[in-house]
Structure formats: C-alpha cells, structure tokens
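Trainee: Just so you know, the protein sequences line up as chains A and B, in that order. Heads up: the first sequence begins at 1239 in the working numbering, then just goes up one per residue. Heads up: the second sequence begins at 1147 in the working numbering, then just goes up one per residue.
Just so you know, the hints here were simulated from the structure itself, not pulled from any lab data. Fair warning: there could be bad hints in the mix.
No farther apart than 30 Å at their CA atoms in a straight line, the calculated lysine-lysine pairs in the DSSO-like style are these [what the hints assert, rightly or not]:
| id | chain 1 | residue 1 | chain 2 | residue 2 |
| --- | --- | --- | --- | --- |
| 1 | B | Lys1252 | B | Lys1234 |
| 2 | B | Lys1328 | A | Lys1359 |
| 3 | B | Lys1234 | A | Lys1316 |
| 4 | B | Lys1230 | A | Lys1356 |
| 5 | B | Lys1328 | A | Lys1310 |
| 6 | B | Lys1252 | A | Lys1375 |
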Amino acid sequence: MSKFKKKTEVKQEIPTSSMPDVVFMLLFFFMVTTELRETSIEVKQQIPRATQLRKLMRKSLVANLYIGEPTKPGLYGKEPKIQADDVFIEPKDIVRWVNEKKSELAENERDQLTVSLKVDKDSKRGLISDVEIELRKANARKLLYSTLQDEEK
Amino acid sequence: MARETPSIPNSSMADIAFLLLTFFLVTTTMPNNRGLSIALPPPPELKPPEDIKIQERNMFKIQINSSDALLIEGEPREDISSLKDDIKVFVLNNGRNPASSDSPEKAIVSFKTDRGTSHKRFIELLDIIQGAYYDIYAEQAGVTNAKFRDAASDLSIPENKAIYNKGRAGIPLNISIADPSKVGGN
C-alpha cells in the first residue's frame, strides 16, 4: 500500500522578503509620473477624445480653465460653470484672470501664455465661445482644447 | 568572541512603503498637457471692419447645428469618414478643379457651430480638419503625422523647427472658426 502513502507536507508560503523592493518600485513610478493636485475640481470633467494631439512642453506657461456642470448641483446649480484655480468665475472676469496669470510670468514670456481649456464633453459651444471672445480681448490667444488620446482610425 | 552583527528590523519596511504609495496615489493626478491647439484671432474691436471678399470656390464650409447635425458645403452629411480626404483634396487642388480652391494659400476651411452644439461634436470635427492639414504638412516634410506633431510641439530644437518650416511652407493653416449662431442653447 505504498501508493497511498501520506504525502510529505509542502511549505506553502509566498516569499515576502522582496515585497519592500516591489512596493518601492511602484512608489517611485507614481512619484515620477504623477504630479500633485493643486486644485480640487468642482465641475464635471469628462474630457473628449481626439487623435491629432499636440503636447505643451512648458507647464509654467500653461493656465487651466475648467468648464462643465458643477459636481454639486445642490450647491451651485445645474448650469455649466467656469472654474479658474479654486473659484467659479463669470466670462467677464476672464480678462482680469488672464492678467493675473501673466503677471506671474517673466516679462519676456508673457505673450507665450497658453490657456488650456478642460471642457466637459457635454458642455455647449455657447459658453465656450464667450470664453474665447474674452480671451481674445485679454490678448491670450494661444489656446489648447484639452483632450485624451484616441486610437487612429 | 563572536560579535553580534547589528541589524535594523526590516519586517515593517513593506508596510511603510505601502503607506507612502497610498499617500501618493491619493494626492497626485496624472498630468494631461495634451490636446488640440489653435490660435485665436486678434481682439474683435482692434480688427478693422473691412469686407473681405472671398471667392466661394476657396471656402470649404462646415456647419453644425444645435442638434449636432452636419452641413458640409451646403449639403447634409451623416458619414464623416471621408471628410478628411475631401479637405485634403480641396486644399491641394491648386486650381485643377474649377469648383475647388485656387491654391493652398487661398483655401480656407470655414467651421461654424451653433451655441447649442456640444463640445464633443466640435472636437470631433476640429480633429478631422486639423488631421487633414497635419497629414498634408507631414507629407510635405517627409515625416509621419505623429512625428510632425511632435516637432511642432517643441520648436526650440532647430531640427524640429526645420521639419516644421518645411511642412508649413506655402500652406498656411487656414481654419476659420466663426462665432456661433444663436439658434439653440443658452
């Protein structure tokens, strides 16, 4: 009856000695590829997709405007709003906002300011075109519609 | 006498690393500095109100209404898969077809939306129009479309500037985005 001899017990432990190394590697990956949140975004942000993207090289020359329906409709209503830094602004405030952003830059770089519009895909062109007209008045004419990468068809 | 080797307890190292990892996962975001880049026209009041006559044949008209339906050169269209090629043919016509553009310099793609048009549809069409131009530029510069866009993103490198200038030579990016009409929307 040697066939049915009880099997010798096998150790069933996963080696954990390299766990810190693995976790540190993950940690460094995230530290390098991500950046700190500077504002908490209070509008819906479902960014549309496109194929012909261009990249902005210098982050210091970029100013972000977030447009979409507020995520807390009980507090701010359902109409799409414009968020700049940490506050909601109206289209008429944009000229002042652009001048503030420009004053933070060095004098020779002020005309290179690029406004990145992060617009929710369900927003309407009406509001966005109001923003564009104000940006033209403020002479901030480099514009980027922020999108995600879509696969080429 | 055997000397005892001093050692730091490292069994909790993984826990500490996980804690740090979780902290970074929560407080950071993936940066997104990519998108469709356009240049806005000068401020409305600075522009002299002159009537520029543009010949009908040099305009490629794309219109979208408030329910996101398309009108291309005056005709409704559902299928937009061939639109990119249509624009390329229009821009590079060079006077061959008398109904199409005279030269790439004179060709203008006119893009008009309504206040009620959704941003998603707007981006979809702008992507196609810009794609047509980038394809033309890339072909003229002898590089791929993606390479040309990379070069155009960073003009501080002389090599990129050369590709950019070669591609753009003689073909300006004439995309006119008109102020939206006020039929639908807010």
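Trainee: If a hint holds in the structure, say so; if it does not, say that too.
Mentor: Against the structure, the hints:
no., hint, verdict
1, Lys1252/B <-> Lys1234/B, "14 Å, holds"
2, Lys1328/B <-> Lys1359/A, "20 Å, holds"
3, Lys1234/B <-> Lys1316/A, "41 Å, violated"
4, Lys1230/B <-> Lys1356/A, "25 Å, holds"
5, Lys1328/B <-> Lys1310/A, "28 Å, holds"
6, Lys1252/B <-> Lys1375/A, "27 Å, holds"
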